[in-house]
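*Asks:* Chain residues, written in single-letter form:
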Amino acid sequence: MSLSPPEAPVPDSPFTQSAEAAFVLDVAGQLRQVTAGLAELLGQPAAALVGKSLAGFLPLTEQQQLAAGLHRAATGEVVSIEVAVNEQPGAHCLSLLPLPGGGELYGLLRAAPSVSAANALLLERERHLSVIFDNIADVTFVLRAETDGQFQFVFVNRAFETTTGLPAAQVVGRLVSEIIPEPALSEVLEYYRTALRTRQPVAWQETSDYPTGRKTGEVRVTPVLEADGTCCQLVGIVHDLTPQKESEIRLQVSNERFHYALKATTDAIYDWNIAADTLYWGEGFEELFGHKLTENPTPFSTWANYVEPTEHDRVVAGLRYTAFETSNLFWQQEYHFSRSDGSWAMVFDRGYILRDAQGRATRMIGAMQDITARKEAENQQHLLAEKLGRQNADLQQFTYIVSHNLRAPLANALGYADLLSRVEKTSEVFDESLKNLRTSLHLLDGVLTDINGILSIRDQQGSYRPEPVALAEVCRQALHSLVHQLQECGGELRCVIPEELRVPGSRAYFHSIFHNLISNAIKYRSDARVLQIAIEATGSSGGPVRIVVEDNGSGFDQEKVGGDIFQLYRRFHPDKPGRGIGLFLVKSHVESMHGRISVQSQLGVGTQFTLLF
Amino acid sequence: MKTYLIDDDTLSTYLTEQLLRAEGFSNTINTFDSAQQALQQLVEDKDKAAPQVVFLDLNMPAMNGWEFLDALAPYEGELLGHCHIYILTSSLALADLEKSKSYDLVSGLIHKPIDTEEIRAIQSQFEEKGAAE
Numbered sequence: 001m002s003l004s005p006p007e008a009p010v011p012d013s014p015f016t017q018s019a020e021a022a023f024v025l026d027v028a029g030q031l032r033q034v035t036a037g038l039a040e041l042l043g044q045p046a047a048a049l050v051g052k053s054l055a056g057f058l059p060l061t062e063q064q065q066l067a068a069g070l071h072r073a074a075t076g077e078v079v080s081i082e083v084a085v086n087e088q089p090g091a092h093c094l095s096l097l098p099l100p101g102g103g104e105l106y107g108l109l110r111a112a113p114s115v116s117a118a119n120a121l122l123l124e125r126e127r128h129l130s131v132i133f134d135n136i137a138d139v140t141f142v143l144r145a146e147t148d149g150q151f152q153f154v155f156v157n158r159a160f161e162t163t164t165g166l167p168a169a170q171v172v173g174r175l176v177s178e179i180i181p182e183p184a185l186s187e188v189l190e191y192y193r194t195a196l197r198t199r200q201p202v203a204w205q206e207t208s209d210y211p212t213g214r215k216t217g218e219v220r221v222t223p224v225l226e227a228d229g230t231c232c233q234l235v236g237i238v239h240d241l242t243p244q245k246e247s248e249i250r251l252q253v254s255n256e257r258f259h260y261a262l263k264a265t266t267d268a269i270y271d272w273n274i275a276a277d278t279l280y281w282g283e284g285f286e287e288l289f290g291h292k293l294t295e296n297p298t299p300f301s302t303w304a305n306y307v308e309p310t311e312h313d314r315v316v317a318g319l320r321y322t323a324f325e326t327s328n329l330f331w332q333q334e335y336h337f338s339r340s341d342g343s344w345a346m347v348f349d350r351g352y353i354l355r356d357a358q359g360r361a362t363r364m365i366g367a368m369q370d371i372t373a374r375k376e377a378e379n380q381q382h383l384l385a386e387k388l389g390r391q392n393a394d395l396q397q398f399t400y401i402v403s404h405n406l407r408a409p410l411a412n413a414l415g416y417a418d419l420l421s422r423v424e425k426t427s428e429v430f431d432e433s434l435k436n437l438r439t440s441l442h443l444l445d446g447v448l449t450d451i452n453g454i455l456s457i458r459d460q461q462g463s464y465r466p467e468p469v470a471l472a473e474v475c476r477q478a479l480h481s482l483v484h485q486l487q488e489c490g491g492e493l494r495c496v497i498p499e500e501l502r503v504p505g506s507r508a509y510f511h512s513i514f515h516n517l518i519s520n521a522i523k524y525r526s527d528a529r530v531l532q533i534a535i536e537a538t539g540s541s542g543g544p545v546r547i548v549v550e551d552n553g554s555g556f557d558q559e560k561v562g563g564d565i566f567q568l569y570r571r572f573h574p575d576k577p578g579r580g581i582g583l584f585l586v587k588s589h590v591e592s593m594h595g596r597i598s599v600q601s602q603l604g605v606g607t608q609f610t611l612l613f
Numbered sequence: 001m002k003t004y005l006i007d008d009d010t011l012s013t014y015l016t017e018q019l020l021r022a023e024g025f026s027n028t029i030n031t032f033d034s035a036q037q038a039l040q041q042l043v044e045d046k047d048k049a050a051p052q053v054v055f056l057d058l059n060m061p062a063m064n065g066w067e068f069l070d071a072l073a074p075y076e077g078e079l080l081g082h083c084h085i086y087i088l089t090s091s092l093a094l095a096d097l098e099k100s101k102s103y104d105l106v107s108g109l110i111h112k113p114i115d116t117e118e119i120r121a122i123q124s125q126f127e128e129k130g131a132a133e
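One line per chain: the protein sequences are A and B, in this order. So that you can map any letter, position 128 of the first sequence is 128 in full-length UniProt numbering, and since no number is skipped, the others follow by simple counting. So that you can map any letter, position 12 of the second sequence is 12 in full-length UniProt numbering, and since no number is skipped, the others follow by simple counting.
Since the hints were derived computationally from the structure, they do not count as laboratory data. C-beta atoms are modelled at their ideal positions from N, C-alpha and C, and glycine is treated no differently. Hints should not be assumed to be uniformly reliable.
Said to hold, decoys possible - Residues of chain B clear of chain A, computed beta-carbon distances all greater than 12 Å:
# : residue
1 : N27
2 : I29
3 : Q41
4 : D47
Claimed, not checked - According to the in silico footprint, chain B covers these stretches of chain A (three or more CB under 8 Å from chain B):
# : segment
5 : 32-38
6 : 423-435
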């Protein structure tokens, strides 16, 4: 470059044509060679300039400074001074370099950067910095250390304002002691002084109350060192930890709550880590099911293996399907789960599935609840409701039947009483009507006796006390009163009941049952063949007992009769006398001793009653 | 008036028969203690000697009153207008009265025992009808 020519330039060299305002002059300041650039700057032809003094182109005020510069350059120093040039606006920078050999100097004139331009640059830079500071989320401030040990805010950024709720205008120029309340104040002043003294950054955590609430932050103050090693400013940055702190506290509180919830619940809480396929169990698991956990978490299969095998598809496979093949957040099932003693617990299990952004199941938190007792109670209630429903239907039927059977003889009695008043007392119709009135009243009385008997069975159901009844003996006694009838019709009866067999129940009821069944068999025998009755009882005194009473009588059409056979006042043999109460009583007696009775019959073949106790 | 009396209760049948006779209701009263027998006779008689009045009990074994009425359904067209069936029952159940209204052949339901007024009411209906014809 033209700034460092090794030798004095020669005339008409590239030097003289340079656009730079450069020149060669003697130590007295007389121009020897000039460039086109200088000629243009000074407004005179290059030829006219040579031999003239440079000072002549500078204002008088500058000439002394020029002389001093020339002098210094002559002694071998590189000199750079600021000068004004006649007729030219702005300051110029004059550089003078000694040329080798002495006696001559090399010079260069350049316009000095203008003050306003420099200011603009500074302002631009400051604006950039301010934008940066104001967009930093961290609170940033600058403090100046006062001689009295106080610190004054000289700058705060916007984050300071939003975090503390204090506008910058209220803070800048004020002392720290006016802004930060005690007890935090003493603490921070101590840190500031330490930073100032040690010339090292200091960091700490602090919690302070501001208009926007309690704030927790990590503070770091860095001392600003001047060129001379002194320090009178601190730059502070506060990283706001409040949200983290709050969530930390929330997490802690919820963890505590969860911990107590775990203690309070009797459920088996679990946490399924899906990636590892393991289950972490709460305390409830061992308590509920009695299994001792040798490890925790356990493999998924530990749980799966305790699920009732026939429910595996629905429960285990169903859970994995829900977790892996659906986007469901909840899963729930009721199933049987093995206890350590081999019994089955009825379990209600409900879990919440955590999924990642792609919807993949990552974890499931759930609880197994032992609902065995509740389920049993539900079943009991269901059975009770069914029983009550049946009893209610029976009662309605009973009422209907009784009212009809009570009213039939009553209606007849009323009719005959009316007729008697209207016919001749000596007539045959009068005698017949009187006889019929009496019969009707007897029938009426019979129905009332039946009702009384039936109601007494129902009444005794609650206070009934079972005793062991020797079946064989009771059967013999019942047969005793019927032997005459049986012999009259030439029937045969075979009875196979173990002597020692005893059934808990009422002796009178068993007597009535055998009596009714045998007398029915005799009454509804077939004229086509010799009556055969077989009574057989099997079972043990402690266990279930089965009694079968079978005949080869006329039987009935089971399809037509259906369940009506045991109904009160239902009669199926119009040709045979009977009130239609026998089988109703048999059934009532069997059921009041918690037994069951069923019937099989075929028209013209016979009938078989089966009783189970 | 030819009359059928269908009831398995012989005490009731005798009573109704005597009460009808006392009122001079009918010159021929056929009594049946089984609905099946009555049905058989009615089907035989329906063309030339069908009864004008039938008193039908409901509660009977083997075939009850309702079953008898159902069994008559195929002959309803031939009998309607000539043969009037009155249900005669000891039952006071309202359900029976409601059910009886669904049978066109049934002219009325009477609670046992039938009384003089009821017999006369039926008689007068037939007299009006006879006069109208």
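*Asks:* Is it correct that the beta-carbon of B/I29 has no partner in chain A closer than or equal to 12 Å?
*Replies:* The claim stands: B/I29 keeps its Cβ more than 12 Å from every Cβ of chain A (closest is about 14 Å).
*Asks:* Is it the case that B/N27 keeps its Cβ farther than 12 Å from each residue Cβ in chain A?
*Replies:* Correct as stated: the minimum Cβ-Cβ distance to chain A is 17 Å, above 12 Å.
*Asks:* Do three or more residues of the segment 32-38 of chain A come closer than 8 Å to chain B, measuring C-beta to C-beta?
*Replies:* violated (count 0)
*Asks:* So is the segment 423-435 of chain A in contact with chain B by the C-beta rule, three or more residues under 8 Å, or is the coverage claim wrong?
*Replies:* With 4 residues closer than 8 Å to chain B, the segment 423-435 of chain A meets the three-residue bar; holds.
*Asks:* Could you check that no beta carbon of chain A comes within 12 Å of the beta carbon of B/Q41?
*Replies:* holds, 17 Å
*Asks:* Against chain A, does B/D47 hold up as non-interface, every C-beta pair farther apart than 12 Å?
*Replies:* holds, 29 Å
Hint check: a violation occurs at hint 5 only; the rest are consistent with the structure.
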